[in-house]
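The task is simple: from the sequences and hints, build the whole structure.
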Amino acid sequence: MNVLMNIITIIYYLLVACSSFIMIYNLIKSKKWEQEILYIIVLIPFLLRLFRLK
Amino acid sequence: MSGIYIRKIVFSIFGMLLLIFGGISFYKSRHLKEPVVLSPGVTEVKKLSEYFSGIKGTTNDCNVYFFEGKEPGGTIFVLGGTHPEEPGGRLATWILTENAIMEKGRLIVVNSANRSATTVTRLGGGYPPDFTIPTTWGGQKFRMGDRWSNPLDQWPDPEVYIHFPSRQELAYVDIRNLNRTWPGRPNGTLTEKTCFAFMELIRKEKVDIVIDLHEAELQYPVISTIVAHEKGQELATLVSMILTDMEGFNIGTEFSPKNLHGLSHREIGDNSDAISLLFEAPEPFLDATRGRTTREQLLTGKDEFVMKAGEHGLLFEKIDEHGWPIDVRVGRHISSIIQTMECWTEDHPDKALVIKNVPRYAEVIKNGIGYYLHIPLKAGSKRVFYE
Chain A
14 MNVLMNIITI
24 IYYLLVACSS
34 FIMIYNLIKS
44 KKWEQEILYI
54 IVLIPFLLRL
64 FRLK
Chain B
29 MSGIYIRKIV
39 FSIFGMLLLI
49 FGGISFYKSR
59 HLKEPVVLSP
69 GVTEVKKLSE
79 YFSGIKGTTN
89 DCNVYFFEGK
99 EPGGTIFVLG
109 GTHPEEPGGR
119 LATWILTENA
129 IMEKGRLIVV
139 NSANRSATTV
149 TRLGGGYPPD
159 FTIPTTWGGQ
169 KFRMGDRWSN
179 PLDQWPDPEV
189 YIHFPSRQEL
199 AYVDIRNLNR
209 TWPGRPNGTL
219 TEKTCFAFME
229 LIRKEKVDIV
239 IDLHEAELQY
249 PVISTIVAHE
259 KGQELATLVS
269 MILTDMEGFN
279 IGTEFSPKNL
289 HGLSHREIGD
299 NSDAISLLFE
309 APEPFLDATR
319 GRTTREQLLT
329 GKDEFVMKAG
339 EHGLLFEKID
349 EHGWPIDVRV
359 GRHISSIIQT
369 MECWTEDHPD
379 KALVIKNVPR
389 YAEVIKNGIG
399 YYLHIPLKAG
409 SKRVFYE
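Chains as they are written, first to last, in the working numbering: chain A, 14 to 67; chain B, 29 to 415.
One or more hints might be untrue.
[To be verified] Listed below are the simulated DSBU-like cross-link pairs for lysine-lysine, each with C-alpha atoms no more than 35 Å apart in a straight line: (1) Lys-75/B x Lys-410/B; (2) Lys-259/B x Lys-406/B; (3) Lys-232/B x Lys-346/B; (4) Lys-234/B x Lys-384/B; (5) Lys-406/B x Lys-98/B; (6) Lys-61/B x Lys-67/A; (7) Lys-132/B x Lys-406/B; (8) Lys-67/A x Lys-384/B; (9) Lys-67/A x Lys-410/B; (10) Lys-67/A x Lys-56/B; (11) Lys-379/B x Lys-336/B; (12) Lys-336/B x Lys-98/B; (13) Lys-410/B x Lys-98/B; (14) Lys-132/B x Lys-234/B; (15) Lys-330/B x Lys-42/A; (16) Lys-346/B x Lys-75/B; (17) Lys-132/B x Lys-384/B; (18) Lys-169/B x Lys-67/A; (19) Lys-98/B x Lys-67/A; (20) Lys-379/B x Lys-67/A; (21) Lys-84/B x Lys-67/A; (22) Lys-336/B x Lys-75/B; (23) Lys-44/A x Lys-232/B; (24) Lys-98/B x Lys-330/B; (25) Lys-132/B x Lys-67/A; (26) Lys-45/A x Lys-67/A; (27) Lys-384/B x Lys-406/B; (28) Lys-169/B x Lys-384/B; (29) Lys-410/B x Lys-394/B; (30) Lys-336/B x Lys-169/B; (31) Lys-36/B x Lys-45/A; (32) Lys-75/B x Lys-56/B.
FYI, nobody ran anything at the bench for these hints, they're computed from the structure.
In structure tokens form, the structure reads like this:
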């Protein structure tokens, strides 16, 4: 079970990193200021998790 | 550079500031050092991993404080911090580790049974990250903590948690609940391994009595009580009667259900020679109907919304405008521990447990918890440990 949990955790962190990258990419490409703010706000918890702060 | 890129940079800086300040706050909270100035009665401090190497180097490799009496006797083990969001239990163990001296028998104390759970607060609960107990030398800050191990230390949770070894199905999140994973297993999750390590300690040290300190919301029926394994029913009943009669607070007795698994009062008794008891004190901070979840509410135990629930007969414990201050809750625990030792000693003079230099209920309320916490700066570095 622990092995399975470790595999899921690694996949999860890869997904978090991938999602963070996509949000940063969309932030750069976006033309609307409302969307830019939204991307930044949504990105924060992803980065907190990725850096193992929360 | 066009205006759109300047705007993105400004927004990004704003986001980075939020991330940095939030991140620093979470990091500080997770790594806050809580000093323990050892009582002269502490004869040895071990790490839990000395009983099971499987948790060595993990967050839950906590300190275990030993108090060897001048004369031989029985062994009692007090667990604080099973649920760190119930700080009365942790603070009661702090008073023991900083003051207790054993005359007869042996006392073993753990302040942070689930240390991982002390490093996080309930997600989405808006809990304060810490709280401060005022002392004569300023104040001592403690981590607030949660009921469950930190997801950073143990993740993911299963859809359904199947308890080992009973195979009883429990709520998924309780796979991180130290009071649902007893007796634990050596190849399990961090929380299960922690329970296994404690079981090894209980068996190897030949513990006679285990006391697990908790607090409960007033809307929960198991409150202001001692939950006892059948081996400890007589002892618990005697303790309850004497405390209610002599100390001025009501405490009842509940019998540990035989078919509810994973709890300390059931599994420790079933899987070792020890008597297992669990003490519950009232904590309005945990009630679902509470108002703002603040440090003040945690320490005073005052809440007008919980009082209103009481007026409608929705509570299992009384509450009035005086609330349930932390000194009262801790005082109950301390007196209950001392009384347990006294009642045990009367029945088992060959395995006596005699403690001194620890305040009882009335003294804790009169002087406050902070009176019994000592200044780390004045203690030698060898007498200060950190939780």
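*Compare the distance between the alpha carbons of Lys-84/B and Lys-67/A with 35 Å, and conclude whether the hinted pair is satisfied.*
holds (23 Å)
*Does the alpha-carbon distance linking Lys-36/B and Lys-45/A stay inside the 35 Å limit?*
holds (10 Å)
*Would you check the hint for Lys-132/B and Lys-384/B, treating anything up to 35 Å between C-alpha atoms as holding?*
Given pair Lys-132/B, Lys-384/B holds - Cα atoms ~10 Å apart, limit 35 Å.
*Given the hint that Lys-132/B pairs with Lys-67/A, test it: the Cα-Cα distance must not exceed 35 Å.*
violated (45 Å)
_Tell me if the straight-line CA distance from Lys-384/B to Lys-406/B falls inside 35 Å._
With a Cα-Cα distance of about 23 Å, the restraint between Lys-384/B and Lys-406/B holds, given a limit of 35 Å.
*Would you check the hint for Lys-44/A and Lys-232/B, treating anything up to 35 Å between C-alpha atoms as holding?*
Answer violated: Lys-44/A to Lys-232/B is near 67 Å, above 35 Å.
*Below or equal to 35 Å on CA atoms is what counts here, so check Lys-67/A against Lys-384/B.*
violated (42 Å)
_Pairwise hint evaluation, Lys-169/B against Lys-336/B, where the allowed Cα distance is 35 Å at most_ = With a Cα-Cα distance of about 31 Å, the restraint between Lys-336/B and Lys-169/B holds, given a limit of 35 Å.
*If you draw a straight line from the CA of Lys-346/B to the CA of Lys-75/B, is it 35 Å or shorter?*
With a Cα-Cα distance of about 40 Å, the restraint between Lys-346/B and Lys-75/B is violated, given a limit of 35 Å.
*Satisfaction of hint between Lys-406/B and Lys-259/B, Cα-Cα up to 35 Å*: violated (44 Å)
*Within a Cα-Cα threshold of 35 Å, do Lys-98/B and Lys-330/B meet the stated pairing?*
Not OK: Lys-98/B and Lys-330/B at ~43 Å, beyond 35 Å, violated.
*asked:* So if I understand the rule, the pair passes when the alpha-carbon distance is 35 Å or less; does Lys-132/B with Lys-406/B pass?
replied: holds (29 Å)
Hints 2, 3, 8, 11, 12, 15, 16, 19, 20, 22, 23, 24 and 25, counting from the list given before, are not met by this structure.
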